Amino acid sequence: MPATPSPVVRVSHLSKRFGAHTVVQEVSFELAAGETLVLLGPSGCGKTTLLKMLNRLIEPDSGTVEINGQNVLRQQPETLRRGIGYVIQQVGLLPHYTVAENVAVVPRLLRHAPAAIAARTTALLTRLHLPPERYANQYPHQLSGGQQQRVGLARALAADPPIILLDEPFGALDPLTRSSIRREFRELEELRNKTMVMVTHDVTEAFELADRILLLEAGQVQQLGTPRELLFQPANDFVRRFFAAERLALQLRTLTLGDVFGDIPQLNRLDNNPGSSDTFSIQTTVNEALEALTSADDASSALPFTVAELMAAFGQALQREEDAWKR
Amino acid sequence: METLTALLTFWREQAGKLGEQTLQHIGLTAGSLLLAVLLGVPVGLWLSRRPRWAPLVLGLAGVLQTVPSIALLGFLIPLLGIGPKPAIFALFLYSLLPIIRNTLAGIRGVAPAVVEAARGLGLTDGQVLGQVELPLALPVLMAGIRTAAVINVGVATLAAYVAAGGLGEFIFGGIALNNPAMILAGALPAAGLAVAFDALLGGVQKLSARRLGQVGVGLLVALPLLGALYLLPRATGKLLAGFSPEFVGRADGLPSLTKTYGLTRLPSVVLAPTLVYEAARNANVDVIDGYSTDGRIQAYNLRVLRDDRRVFPPYYAVPVVRPALLREHPELTAVLAQLDGQISDSAMTNLNYRADHLHQSPQAIAEGFLRRRGLWRAPRPSVEGAPAVRLGSKIFAEQYILAEMYAALIRGNTNLAVQTKTGLGGTTICFDALRDGAIDLYPEYTGTGLLVLLQPTPAVVDSLGGRPDAVLNYVRHEFRRRYNLEWLAPLGFNNTYALLMRQQQAQELGIASVSELGRYLRQ
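Protein chains in written order, with my numbering: chain A, 83 to 409; chain W, 22 to 544.
Be aware that a few hints might be false.
Said to hold, decoys possible - Label-pair distances were calculated between CB atoms; the ranges are:
no., chain 1, residue 1, chain 2, residue 2, range
1, W, G147, A, A327, 45 to 53 Å
2, W, P63, A, L192, 51 to 59 Å
3, W, V88, A, Q302, 51 to 59 Å
4, W, A212, A, P177, 49 to 57 Å
5, A, S94, W, L85, 36 to 44 Å
6, W, Q235, A, Q220, 57 to 65 Å
7, W, I91, A, R99, 32 to 40 Å
To be clear, the hints were calculated from the coordinates, so they are not data collected in a lab. Predicted model, so just to flag it, every value in this text is computed and none were measured. By construction, the Cβ of each residue, glycine as well, lies at the ideal position given by its N, Cα and C atoms.
All chains should be built: construct the whole structure from the sequences, respecting the hints.
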């Protein structure tokens, strides 16, 4: 592993047992600044426990957590938590506080100036498509599930913490709301430079958002790597089986046009031509290109290949990946 | 309509007393509620952090709740005396359960996700409690306080039984006097107070969580102020009397006593009949009413003040029999007569003392008494098929002892068998059993025979003038005529109302009779 400048989060040999049941066993990982790590695994695999040990909502039995080089056990838990954003599935907005008051909780705890808090709240709500003039003074029960989760996100971001922990943040939403919020989430300027650790059991979500995935089973790390590594170079049978059901969908989402077409000249043109749609590049996934081609959208004309050509190339690329792994 | 007029008249006449009692009632309720909030809320919060203790603590508070109020007050008198202290303490205990339980339920009702999010954001434990849990639990908590307040207004009427005042004084006085207007005079304001407390706290409950916090603080300020209403000065005198409500209410009780002896400067408080002896013993009061042969007179070293002007009606104990019994077994007449005039007031007091305080069996007490008087004969061997004499008694120690005495005499002096049917409940049950021939004999009291069973017109009662012979002759004559039942000769003691004082104090003040009490008070 290349020597990175000191990691933002360093977890070493972390273990936790509840009674006779070991929930997290000897987990270690490091996280660089701006990286998004997804803790993935079936229910009860210990991913939420692992997440909560990062901000000391749960205290580990052994092992250490360092954040910015400091052991978290040497810090006041409250001080630690105020410096880390925290979003949970049930949102947990304070029902007796308005939206604005909810967003302002942490800055107020940190004794920021009221004017600065108000400005920050307004900016965040606007950014998250909750116009403050309409929503700032509403109470949580007046909002939809998706809106509540946005307020929860705004609350976690309010004091601009460099690290954010998310525990199944989209888990309670219906599929439609879920994918639209996820898209907003991905595109949110505020989150660009954050170091994030997110728990989910949704494989698609993990692949969509993760830089790296930590796959857990029964408290033990099965594999830690990029989505592509987990998909094409599974470390063991569990990893392979875990993705088996959605394998094709994941491959379509993981491989890019660059992967399947290699150095095809048309693609270079696509990449370099400023006149063509900037939606497509060698970074575009096969899935996205396929969606564009099969829809009657104008964008399809911007792509210099047909569905058949794309699928053929995709098949060959898969073969290459498999071969590379076997060797 | 008549009752309504009487009620309005009563209120007009007793306006001062009504106001005082209402303030006392508010004071009792608010004071005890404050204490219960001060203890119950922290206990509830503590339980929410230590759920393992919850069943035990809630169970204990629940048990307290089920202790009958009078019994609870009885336990508290030796510890706290009489007056506001035991009353407020009892009310405090009764309010604990709803307040603890609702505090706990309120905290438990806060969504775990909200608490987890609050902790995750970096609120300290204190901030989570003060800014999240308490505000969100407050509506449920307030509902508990509201329940406790309404319970307290109701139970506070019983404070009258321990001389703590309140609207119960009218209510229990009215019950004793059988005066509906007087009962309503206390009951209606009490009900009004309950509704007012409930409405007030109910209004508070509807406020938003944040306003509720301010109101909660206001409540903590207001309750002691209301509680202080209680401390308004009350009448004082040389001696303090504690009377049972019935004694205060009965025409032949306190009213005629006051009139005949001129006991004008004797301030008195109302107490539960079961509590007056305790109160006298503990010197909470100096003069009480009681029964002249009660075992506690000896147990607590009390002195019966002689009723030298015969205000209290005579209640001499006399065996009442079915004449048929004596006709069939003539030998019984002499046997039963052995007890005639044998038992003095103090002797009967002593026998009751043995039963109530030394817990000796009525049989052993009867045997001991007969031995001391030389009347004891060992029971004769039972004869197969011998006719049985059926003896009855009411359901208290004195009657059990008398029945056992007759049983022993009959077994020792005749060949007859004996069946005792003791514990026949009240007067009318015994009397009906005798009339129906279910029993052959039971001890009755002349005053009871007159006032409860014969119920003559007031004119007749007045004409008898409380003279023991006249009353006995009247009941004997009337029972013979109406029921064909026979009153034998009196046993000697008179179990009637009496004024009692502590022996030592009575001696120091030189008071042996009610007249002397009156003289001492007028000095």
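Which of the stated hints cannot be reconciled with the structure, identified by number in ascending sequence? 2, 4, 5, 6 and 7
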